[in-house]
Amino acid sequence: MRGLLSIDAWEEVVVHLLSRPLRTGLTAFSVAWGVFMLILLLAAGDGLEGAMRWNFRDDAINSIWLWTGKTSRPHDGHPVGRRIELNDDDVLLAEALPESGHVTARFIPPSDTRIAYRGRAASFDIRSTHPDHRHIEGTVMETGRFINHRDVAERRKVAVIGRQVAAFLFPEGNPLTAPLGTELRVGGIAFTVVGVFSDDGGEREEQLVYLPITTAQASFGGRDHIDQLMFTVGPPDIDGASLEAADRAVASIRARVAQHHSFHPADRAALRVRDRIHSYGDVQAVFTQLRRFTWIVGLGTVLAAMVGVGNTLLISVKERTRELGLRKALGARRGDIIGMVLQEAFLLTSVAGWMGLLAGIGLVEAARRWLPDNDYLRDPDVDLASVLLAVVALVFTGLVAGLVPALQAAAVPPVVALQDE
Amino acid sequence: MRQERCRVEGVSPVSPGTMIQVRALEKSYPTGSGPLTVLRGLDFHIAAGESVAIVGASGSGKSTLLNVLGLLDAFDSGTYALAGHDTRNLDDATAARMRNELLGFVFQSFHLLGDKDAVDNVALPLFYRNTPRRERRRRAIAMLERVGLADRLDHHPNQLSGGQKQRVAIARALVTEPKVLLADEPTGALDSSTSTEILALLESVVAEGKTLILVTHDLEVAARMQRTIRLHDGRIVSDERRA
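Just so you know, the protein sequences line up as chains A and B, in that order. Residue 190 in our numbering sits at position 190 of the first sequence, and the numbers go up by one each step. Residue 11 in our numbering sits at position 11 of the second sequence, and the numbers go up by one each step.
Hints in this document: simulated from the structure, not taken from any laboratory. Hints are supplied without guarantee of correctness; some may be wrong.
What the hints assert, rightly or not - Pulled from the structure, derived: some chain A residues nowhere near chain B, Cβ distances all over 12 Å:
1) Leu18
2) Ser19
3) Phe29
4) Trp54
5) Phe56
6) Asp112
7) Gln164
8) Ile189
9) Ser252
10) His261
11) Ser262
12) Thr288
13) Arg333
As the list claims (entries may be wrong) - For the chain A half of the interface with chain B, some residues (derived, Cβ under 7 Å), not all of them:
14) Lys318
15) Leu330
16) Ala411
17) Val415
As the list claims (entries may be wrong) - Under 7 Å between C-beta atoms, here's a sample of chain B residues computed to sit facing chain A:
18) Tyr29
19) Asn67
20) Asp73
21) Asp92
22) Thr94
The beta carbon of each residue, even a glycine, is placed where N, CA and C say it ideally should be.
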């Protein structure tokens with residue numbers, strides 16, 4: 001294969017390919033199309049997955065959420081339909097679980113509680129929580145601090161407000177710094193602002209005011225009542241261990257809360273549980289399958305293109321029997337002939353493959369830039385490593401596709417090829 | 001067998017001017033009804049600078065002999081030395097190199113590549129000996145001028161007459177400065193006046209010292225060679241030099 005690195009040898013191949021523009025063009029198109037579709041499929045899968053992650057972005061994925069309803073089973077002499085209410089003791093039960101990490105409750109003051117600063121007032125949602133709430137909700141402190149343990153222990157009248165709230169109440173100053181240290185009126189009671197936060201969950205999650213749970217319970221008639229109880233289990237990623245831990249934690253908290261409030265431990269109407277680990281894991285499993293499927297379909301398309309390349313080269317070799325015989329008579333070795341056909345395969349697949357690749361990446365980039373945010377596709381992208389792998393596979397398959405025709409070409413006996421009819 | 005081979009390798013050829021030395025050459029093809037023997041023990045020498053016609057009826061073995069001499073086909077037994085090199089059991093690369101360096105081929109149907117113009121067709125053998133491109137073109141142009149086609153350099157085969165095509169083919173055969181020119185019915189597809197021109201061209205090549213072996217069934221063509229070997233049924237039945 002002396003010619004493999006010489007420009008002359010490549011020129012021979014290019015000239016031959018260009019001398020049959022239609023056939024070369026169609027074959028190149030099939031390869032480019034295969035790669036293009038592979039890229040689009042991968043990007044679409046990635047975009048779907050991005051949208052799924054976006055929809056899960058707000059809260060910690062390793063969190064378990066509990067809230068109550070009315071009993072649906074008679075238990076221990078109690079009738080059906082009794083309303084169950086969580087209280088501070090349930091927080092202690094959750095903290096006592098060996099599986100639990102961050103633990104917090106939520107107490108929601110009455111919905112007509114107004115928030116006012118100087119002349120401006122609004123009815124933003126209020127959540128009163130424990131300090132750990134920020135880990136579960138994904139609250140990001142922009143300035144100041146979140147609620148801390150002393151706030152809760154001492155029932156301090158402090159408030160942490162969302163960026164949107166700050167922007168509304170402090171239209172003149174810098175909304176991140178101006179509120180710090182000022183006194184808001186929450187339901188007529190003065191609270192000092194100690195921090196401003198943002199939230200990955202978007203604007204709605206920033207139209208909130210956080211208060212220490214104990215202060216709110218005392219100020220707004222909650223006594224020891226809580227509306228929701230949340231805790232995390234294990235590290236914030238999905239593996240077999242965290243799924244098992246979540247199952248164990250859910251079972252024990254059900255049993256403990258049921259015993260505490262005296263309802264049937266299997267009464268799912270009395271205590272409702274949302275386990276985000278399992279929901280996320282289920283969705284993720286779907287996407288893992290989808291990704292696998294995408295690759296299979298995409299590679300199938302590329303493979304079909306490769307069969308096309310092999311076929312075209314076989315026809316080409318058949319058609320050039322005489323020429324190949326002549327080249328041998330003029331001094332071409334077997335290696336020269338094999339090299340020539342392989343170069344043709346390589347050139348066809350790599351040039352066309354790159355074209356498909358560029359077209360695919362171009363379209364994906366355009367989609368990233370111009371496609372409006374939506375629930376179905378988000379940040380579609382193809383990771384470079386997979387793409388490079390695909391290209392290497394492409395070129396390799398191109399060479400494999402060329403191998404059979406190349407060997408056939410090399411086997412052409414010059415005597416037969418050059419026979420005059 | 002072994003002794004004969006040693007003679008070729010160990011001792012220099014019969015005379016220093018011997019270009020082709022064939023001894024007890026046999027070849028057969030497998031067919032459905034058993035092997036068909038085509039060459040039955042040929043013995044001859046051809047000196048450098050000789051012009052030799054190989055004649056015979058169809059099936060006499062003349063084309064097979066030319067293929068064997070051109071290293072395009074293998075033989076079964078006997079010896080064939082080309083320019084002093086034993087040619088038995090040559091590997092592919094060596095055979096390709098010897099074809100490229102020692103031999104030039106001219107065919108009845110020219111076998112030019114339709115994609116390429118005259119210059120590129122003539123330059124093709126030089127491609128297989130890694131001659132740089134400019135040198136290839138220079139030598140191809142010079143050779144086309146030599147065969148009288150200076151005004152047809154960038155013509156493609158389909159723009160050339162039969163005689164012009166054969167001139168391009170001869171230029172291609174000569175561009176590597178081979179020692180032996182092998183021509184298989186080079187005038188078979190040409191009219192008589194064009195044939196005469198082509199034969200004159202081939203004779204001028206011989207006059208420069210190259211060896212010409214020409215297969216033909218046309219006795220008028222054969223008569224223009226210095227020597228005529230006549231084959232019949234795979235055997236040499238006569239070997240005559242022109243007086």
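Can you list which hints this structure breaks, lowest number first?
Those not satisfied are hints 1, 2, 13, 14, 16, 18 and 22.
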